[in-house]
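If you read the sequences in order, they're chains A and B.
Mapping of the first sequence onto the numbering used here: position 243 corresponds to residue 243, and the numbering continues sequentially without gaps.
Mapping of the second sequence onto the numbering used here: position 211 corresponds to residue 624, and the numbering continues sequentially without gaps.
Worth double-checking, as some hints may not be accurate.
Stated by the list, open to error - Derived list of chain A stretches under chain B, where covered just means 3 residues or more per stretch with a C-beta under 8 Å from a C-beta of chain B:
no. : region
1   : 22-33
2   : 282-294
To be verified - Far from chain A by the CB rule (all over 12 Å, computed), these chain B residues:
no. : residue
3   : Asn441
4   : Ser471
5   : Glu478
6   : Glu520
7   : Glu584
8   : Ser636
9   : Phe642
10  : Phe659
11  : Thr695
12  : Gly705
13  : Lys706
14  : Asp746
15  : Gln775
Keep in mind the hints are simulated off the structure, nothing from the lab.
Heads up, the beta-carbon is just placed ideally off N, CA and C, and yes, glycines get one too.
2 protein chains.
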Amino acid sequence: MNKQTLNIGLFGFGCVGYGLYQVLNKTNGVQARIKKVCIKNPQKVRPVSDVDFTITASELIDDPEITIIVELTDDADAAFEIVKAALKQGKGVVTANKKMVSEHFAELLDLQKQYQLPVLYEAAACASIPIIRNLEEYYDNDTLSRIEGIVNGSTNFILSKALNEGLDFGETLSIAQSLGYAESNPSLDVDGFDAAYKLQILCAHAFGLLISASDITRIGIRSIGQEEFRYAREKGFKIKLVAQAFKTSEQSIAAFVIPKFVSAQSPLFGVDDVYNGVITETAFADRQFFSGKGAGAYPTASAVLSDISALSYNYRYEYKKIHNANATELDTDFRLQVYVRVPLELGKIAHSVFDSIDVLQQDKKGICITGLASLQRLQELSGNFQEAAIVLCDGEKTSVTTAEIQTFELSEL
Amino acid sequence: MNKQTLNIGLFGFGCVGYGLYQVLNKTNGVQARIKKVCIKNPQKVRPVSDVDFTITASELIDDPEITIIVELTDDADAAFEIVKAALKQGKGVVTANKKMVSEHFAELLDLQKQYQLPVLYEAAACASIPIIRNLEEYYDNDTLSRIEGIVNGSTNFILSKALNEGLDFGETLSIAQSLGYAESNPSLDVDGFDAAYKLQILCAHAFGLLISASDITRIGIRSIGQEEFRYAREKGFKIKLVAQAFKTSEQSIAAFVIPKFVSAQSPLFGVDDVYNGVITETAFADRQFFSGKGAGAYPTASAVLSDISALSYNYRYEYKKIHNANATELDTDFRLQVYVRVPLELGKIAHSVFDSIDVLQQDKKGICITGLASLQRLQELSGNFQEAAIVLCDGEKTSVTTAEIQTFELSEL
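Put together the whole structure using the sequences plus the hints.
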């Protein structure tokens, strides 16, 4: 494996782009330099003086000295055009753009095959955690049965702050944005889109399952309120936006992004602030756990740099599990133990979502039901009624005791 | 990367060897079969009927159809001879023998270079955790500043059981042995040799530091008694045998295996029983954490299988950090905050080990001192006085309050 000196053409010089510039300046492990940076806004003041900026993409794409394109913009459509053009010109690509990788996953597979060039995107899922590489390489033979993780740093930051400091949603979101943890469009984070993009990517590398992010059951954190935090504090739980995918049969996978009450028994309990954490379960190695920073300029840039280094010795994803095509379909009928709180007037609707009910509580503000419901019914409830707070229970049952159950007659509504 | 169908020649059919046989039978990810198994004792009844056993090593080594030798014996010297012979015959090698890899590390480097063939040993450190692969591949550019981990499953099992169930050392050791978690020679586990072998291997892949396991400060768990467990329970700590290595300057590394009081703030706190866990700290990605089962037939066999799979696409360790030779020396003068308990008659000697003392307590049974002491002085104390219980404090200071300090005059002894 010959290590080449790499001339990098960089698209985007925001938080992560500038982070990469700094990280490259401080490491001597990778023989690489940023030859030119393509930006959108030439008027913006940049914190560097020794970087060659341009607004013309072709100056990077057509430069034969540039052998690798690093794509760190936040525009998924423009990013895909950049990647296509780069591959066409014989350049390997590193990107951190999960939206782009998610939305164009099948096309990226085809393009890599067509041009026999790699597109690496470790930074697109869980930033600093080398999860894609491990799913590709280390778990290529042991049969994975489950992945479960906190894959979105900004919602984890928001939920951690809200639980610990009693702050409300808006305040914590502003703090997350000011620290550079949140996407420029906060809906991507708080409505679970970002986590779904990542789960889609992880499903491909973990199970060989090719799906679209929109196929994934996705419930965000907007409706989680002080009632849920109080409940979590009382029970010793934390609330995390958890992405999960597991086999429900040899051929089918349940995949969903839903907030969850996490108990102290889970390794995810200790994953706070902008940290991400991923649990893998395999047939032979049992349960494994990876954690690390999931957001921020340096952790993301560090993952990008690791991909740049991997390109230098011609590494590429082999997508073995996709070629073996083990898992082929999504199971949206899977039933989960879940907590749902709705305003009084939605009581009947919420009640109808459940296959079975363990606990039903009513007070002046609303109704709270714990029981079994299918992914599909939960998705419908969440999609139709933004005010429904939906949180998965940890384990099979919550620790709600029968003493807490209040009599409730639906006919009274 | 062409994937070949591999004929495996297997040495050893104990716990892990049989585990590998089972794992290979159950996975379809790796195109490999065990062609022949070399064992020491042909009289022993084996739980399989479809395996070709021999007691003649050359039947494996000289078989041109066998392209890979998997070495799973527990004899380090014999294992090294097997590896040498295999490489000489043009066969790649996978081994789980940490003692052999540790004791012959430099020779294994030379042999791999000489024959241009890989020797892979992921299972030799932390069994199911892909730590070597990640140190080699993912952390090849980001500057690692520290690794800290629970790398020995059997001492962790013993310490977890002793703390939670109040069992004594002998009882928990017997249970660990009956479950196949402990080495056949228990001293390898409880005196920290096994952890030191692994730390030596991790130091090479993490920092490019070539040392011998005997250079590593090593203090086992034999002297830890009910006083330490009581102390840990009172403070909310656990006791773990922790292997650590970190930069004390650009050129030097402190590396040691010493029991530690671990607080709930550490990711290692939740790593119980036979689980292993490793924290990495890097300049850019900050802190990362990996955990998984560190002992047992399947987790170890799973790591072996992952190496077999890697051999099938010609993967080899590149030892980049050794070639860059960043870290070159061990720092044994480094000072740590430590708890030492000795019988009364060793009070003066224990006292003299410390550079500074924070807390000194005396009762009828002995003397307990907390303060700063160097690795070298701690190693001397431990080597000369088996009865000295030595446990590192978590963080800079323990939470011992001044109210607990009792006046103590050394001249009174």
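* To do: Run the structure past the numbered hints and jot down the numbers of the failing ones, going up.
  => 3, 11, 12 and 13
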